[in-house]
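Just so we're aligned: 117 in this note's numbering is position 117 of the sequence shown, and the numbers increase by one with no gaps anywhere.
FYI, nobody ran anything at the bench for these hints, they're computed from the structure. All residues carry an ideal CB built from backbone N, CA and C; glycine is no exception. Check before you lean on any hint, since a few could be wrong.
Said to hold, decoys possible - Using C-beta positions, here's what the derived DEER-type ranges look like:
#	residue 1	residue 2	range
1	E127	L24	16 to 24 Å
2	E70	N123	18 to 26 Å
3	E125	K66	21 to 29 Å
Said to hold, decoys possible - Straight line, CA to CA, 20 Å or less: simulated EDC-like cross-link-like pairs of lysine to aspartate or glutamate:
#	residue 1	residue 2
4	K48	E59
5	K173	E127
6	K166	E29
7	K66	E40
8	K35	E175
9	K26	E165
10	K26	E76
11	K166	E70
12	K79	E175
13	K79	E182
14	K48	E58
15	K173	D78
16	K173	D115
17	K35	E70
18	K166	D65
19	K121	E174
20	K173	E29
21	K120	E40
22	K120	E175
23	K166	E69
24	K121	E165
25	K79	D115
26	K121	D78
27	K149	E59
28	K166	E182
29	K173	E76
30	K79	E29
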Amino acid sequence: MPRLIPALGLVLGLAACANGQTNLQKPVEPLGNFKLGHAEVVAPNIVKGPVSREASAEEWIAEVDKALEERFRRHEGDKYYHLGVSVEGYVLAQPGIPLVFSPKSALIVRVTVWDDAAGKKLNAEPEQITALESFSAETVVGSGVTQSKAEQMRNLSANVALQIEKWMRRMQKEEGWFGGLEANPPAAPEAAAETPAGDAVEDSPPEAEAEDAA
1 MPRLIPALGL VLGLAACANG QTNLQKPVEP LGNFKLGHAE VVAPNIVKGP VSREASAEEW
61 IAEVDKALEE RFRRHEGDKY YHLGVSVEGY VLAQPGIPLV FSPKSALIVR VTVWDDAAGK
121 KLNAEPEQIT ALESFSAETV VGSGVTQSKA EQMRNLSANV ALQIEKWMRR MQKEEGWFGG
181 LEANPPAAPE AAAETPAGDA VEDSPPEAEA EDAA
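Produce the complete structure using the sequences and hints provided.
Right, here's the structure in full:
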């Protein structure tokens with residue numbers, strides 16, 4: 001995957017991602033009729049980016065699979081879909097790199113969504129998704145200085161799972177995936193404000209309205 005090396009080098013200048021782990025604390029938003037069947041994670045040709053710590057394909061497979069299960073098992077639709085995720089490349093910022101380079105950690109994956117009932121892919125070509133480390137007090141000087149390799153991998157995996165969900169929501173809206181937006185459960189109606197008894201006004205009967213008009 002030589003083409004991934006320049007892409008991994010570009011992460012030095014990109015902005016941080018939303019925090020996937022913190023996002024999991026929010027209420028689950030509907031995703032149409034989506035229900036996770038299984039998630040298959042592979043890493044046959046993984047590329048390590050410049051100035052990166054070392055991590056094995058097996059380590060990445062385990063972390064990404066865990067993050068996908070944690071995020072997508074929360075959805076309780078009535079139709080099964082499967083996720084195929086290939087870990088393509090990564091950068092795990094390491095200590096000892098001059099801060100002027102602002103080293104950032106990053107993870108690149110390719111994703112395919114399968115419709116179980118139809119037995120076919122929803123996207124003909126895998127979608128490439130890049131996730132960066134989240135901005136925090138710990139990462140302002142680079143996660144390589146303040147986080148262990150395990151912490152970096154856990155955070156990146158959670159972030160990439162969140163980016164995958166954002167892409168899937170966009171496809172639901174634009175392409176009608178997961179039954180389209182109409183498949184989302186209706187929002188609970190807001191409780192009607194109660195009118196104080198003293199302020200209640202009874203409707204005039206039709207006969208009275210006719211007499212007033214005359």
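Task: In rising order, the numbers of the hints this structure does not comply with - done: Hints that this structure does not satisfy do not exist here, as all of them hold.
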